[in-house]
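Peer 1: If you want the building blocks of each chain, they are given just below.
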Amino acid sequence: MRYVKWSLAGLVALLLFGFFHYTLPQHDIVRIVGTENRRMDIGENSWFFAAPDVGTAASTSRDIFFINAVYPDGGTMEYRNEDTGWGWPPYFKMDSFSVATAAKELVSTKANPVWVSVTHYGWRNQLFTIFPNAVSLRQVDGPDVTIIPWANIVILTVLLFALFMIRRMWLQFRERSIDPAMIDMQQSIDDLDDRADRMGDRARGFFGRMFKRR
Amino acid sequence: MIGLLRLAVFGLAVLTVVYWLALVYARSVRRERLEKEYDEGSIDGDVKGHRDDYIAQGMADYEHGLKRKLLWLVYILPIGTVLVLVWLNFEG
Chain A
27 MRYVKWSLAG LVALLLFGFF HYTLPQHDIV RIVGTENRRM DIGENSWFFA
77 APDVGTAAST SRDIFFINAV YPDGGTMEYR NEDTGWGWPP YFKMDSFSVA
127 TAAKELVSTK ANPVWVSVTH YGWRNQLFTI FPNAVSLRQV DGPDVTIIPW
177 ANIVILTVLL FALFMIRRMW LQFRERSIDP AMIDMQQSID DLDDRADRMG
227 DRARGFFGRM FKRR
Chain B
32 MIGLLRLAVF GLAVLTVVYW LALVYARSVR RERLEKEYDE GSIDGDVKGH
82 RDDYIAQGMA DYEHGLKRKL LWLVYILPIG TVLVLVWLNF EG
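So the sequence lines, in the order shown, correspond to chains A and B.
For the first sequence, the residue numbers in this note's numbering are 27 to 240.
For the second sequence, the residue numbers in this note's numbering are 32 to 123.
Rather than coming from a laboratory, the hints here were simulated on the basis of the structure.
Built from N, CA and C at the ideal position, the CB exists for glycine as well.
Possibly wrong hints are sitting among the right ones.
Said to hold, decoys possible - Where chain B lies over chain A, by a calculated footprint (3+ residues, C-beta under 8 Å):
no. : stretch
1   : 103-114
2   : 117-129
3   : 190-199
To be verified - Taking lysine to any residue pairs in the SDA-like style, the calculated list, with each CA pair at most 25 Å apart, reads:
no. : chain 1 : residue 1 : chain 2 : residue 2
4   : A       : Lys130    : A       : Arg200
5   : A       : Lys130    : B       : Trp118
6   : B       : Lys67     : A       : Lys130
7   : B       : Lys67     : A       : Arg202
8   : A       : Lys130    : A       : Asp99
9   : B       : Lys67     : B       : Arg99
10  : B       : Lys67     : A       : Met195
11  : B       : Lys98     : A       : Leu189
12  : B       : Lys98     : A       : Arg200
13  : A       : Lys136    : A       : Pro169
14  : A       : Lys130    : A       : Val59
As the list claims (entries may be wrong) - The following label-pair restraints were derived from C-beta to C-beta distances:
no. : chain 1 : residue 1 : chain 2 : residue 2 : range
15  : A       : Ala177    : B       : Arg64     : 33 to 41 Å
16  : A       : Asp210    : B       : Thr47     : 53 to 61 Å
17  : B       : Leu97     : A       : Arg65     : 54 to 62 Å
18  : B       : Glu71     : A       : Pro116    : 40 to 48 Å
19  : B       : Glu68     : A       : Ile179    : 43 to 51 Å
20  : A       : Phe45     : B       : Met32     : 26 to 34 Å
21  : A       : Val59     : B       : Thr47     : 42 to 50 Å
22  : B       : Thr112    : A       : Ile174    : 14 to 22 Å
23  : A       : Glu70     : B       : Leu97     : 50 to 58 Å
24  : B       : Thr47     : A       : Val166    : 53 to 61 Å
25  : A       : Thr86     : B       : Arg64     : 51 to 59 Å
Could you build the full structure based on these sequences and the hints that come with them?
Peer 2: So this is what it looks like as structure tokens:
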């Protein structure tokens, strides 16, 4: 039983971590080498693509902006650049065309690199052809700048506060509503028990009188 | 714009539930504090009336106080955050 419990707890923890790792913003410092715009027929990987651009019709086949980038160590990365619109995750990104323009502006060569901090969410996976979604681009001084993840700090603090408040509310509810109700119920069970005992005594008295037994 | 409508409807529904929970919790905490204040007997002799009257008066004061109005932040903060995010997106 203990193994089952710990496996379940581990699974939940893994799912939660995965959810936050996918959804919360991260910053990559990269050099943008090019942009493209290609048609994608989105199939079973549709979970990992956002909605069509705000105001355009829903379809499983659409043009998506891509940003091709190279890490300082030479590793490659490809970002998609899609509106999230009013949907999930709540980035309210509606400026994918502006981001595409900014990406074109920031394209640089290996000889004369321009380093860009790409704020993105999501994962890159070659096996399922999924891409992180670039939310915004910002030019930075070099590949080694430190970026403080303020958004993550604020979001996680708010979530922890919400958890704390839910616990406080639950404890308050139990103290003020459930416990008194339980005491009441206990009281009525006791009363019932007393009454049953009294009935029993009376019955014994009756039978005692009937059969003259003491 | 159907997306905006959907977000508004679901968002307001969720915020209403959160607001209601916060309101019930805040009232419960306030009532408990009033009860404890009264039971400790730390209230001045003059105002000390019946226990229920004291609590009813305290709750009425709370309903008109600043702390009660601060609960509207449950609506204001998330909606404000969304507006700021949308605005920042159009700026950038």
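Peer 1: Would you mind marking each hint as holding or not holding in the structure?
Peer 2: So, going through the hints one by one against the coordinates:
1. 103-114: With 3 residues close enough to chain B, the hint holds.
2. 117-129: holds (count 6)
3. 190-199: With 5 residues in contact (Cβ-Cβ under 8 Å with chain B), the coverage given for the stretch 190-199 of chain A holds.
4. A:Lys130 x A:Arg200: The hint is violated at about 58 Å.
5. A:Lys130 x B:Trp118: 23 Å, holds
6. B:Lys67 x A:Lys130: 66 Å, violated
7. B:Lys67 x A:Arg202: 13 Å, holds
8. A:Lys130 x A:Asp99: 22 Å, holds
9. B:Lys67 x B:Arg99: Holds - the C-alpha atoms of B:Arg99 and B:Lys67 are around 20 Å apart, at most 25 Å.
10. B:Lys67 x A:Met195: It holds: about 19 Å lies between the C-alpha atoms, which stays within 25 Å.
11. B:Lys98 x A:Leu189: 21 Å, holds
12. B:Lys98 x A:Arg200: It holds: about 24 Å lies between the C-alpha atoms, which stays within 25 Å.
13. A:Lys136 x A:Pro169: 13 Å, holds
14. A:Lys130 x A:Val59: 9 Å, holds
15. A:Ala177 x B:Arg64: 33 to 41 Å: 36 Å, holds
16. A:Asp210 x B:Thr47: 53 to 61 Å: 31 Å, violated
17. B:Leu97 x A:Arg65: 54 to 62 Å: 57 Å, holds
18. B:Glu71 x A:Pro116: 40 to 48 Å: Holds - the Cβ-Cβ distance for B:Glu71 and A:Pro116, about 47 Å, lies within 40 to 48 Å.
19. B:Glu68 x A:Ile179: 43 to 51 Å: Since B:Glu68 and A:Ile179 have Cβ atoms about 38 Å apart, the given range 43 to 51 Å is violated.
20. A:Phe45 x B:Met32: 26 to 34 Å: 28 Å, holds
21. A:Val59 x B:Thr47: 42 to 50 Å: About 49 Å separates the Cβ atoms of A:Val59 and B:Thr47, which means 42 to 50 Å holds.
22. B:Thr112 x A:Ile174: 14 to 22 Å: For A:Ile174 against B:Thr112, whose Cβ atoms are near 19 Å apart, the range 14 to 22 Å holds.
23. A:Glu70 x B:Leu97: 50 to 58 Å: Given range 50 to 58 Å: holds, Cβ gap about 54 Å.
24. B:Thr47 x A:Val166: 53 to 61 Å: Violated: the Cβ-Cβ distance is about 42 Å, outside 53 to 61 Å.
25. A:Thr86 x B:Arg64: 51 to 59 Å: 57 Å, holds
The structure fails hints 4, 6, 16, 19 and 24 (numbered hints given earlier, in ascending order).
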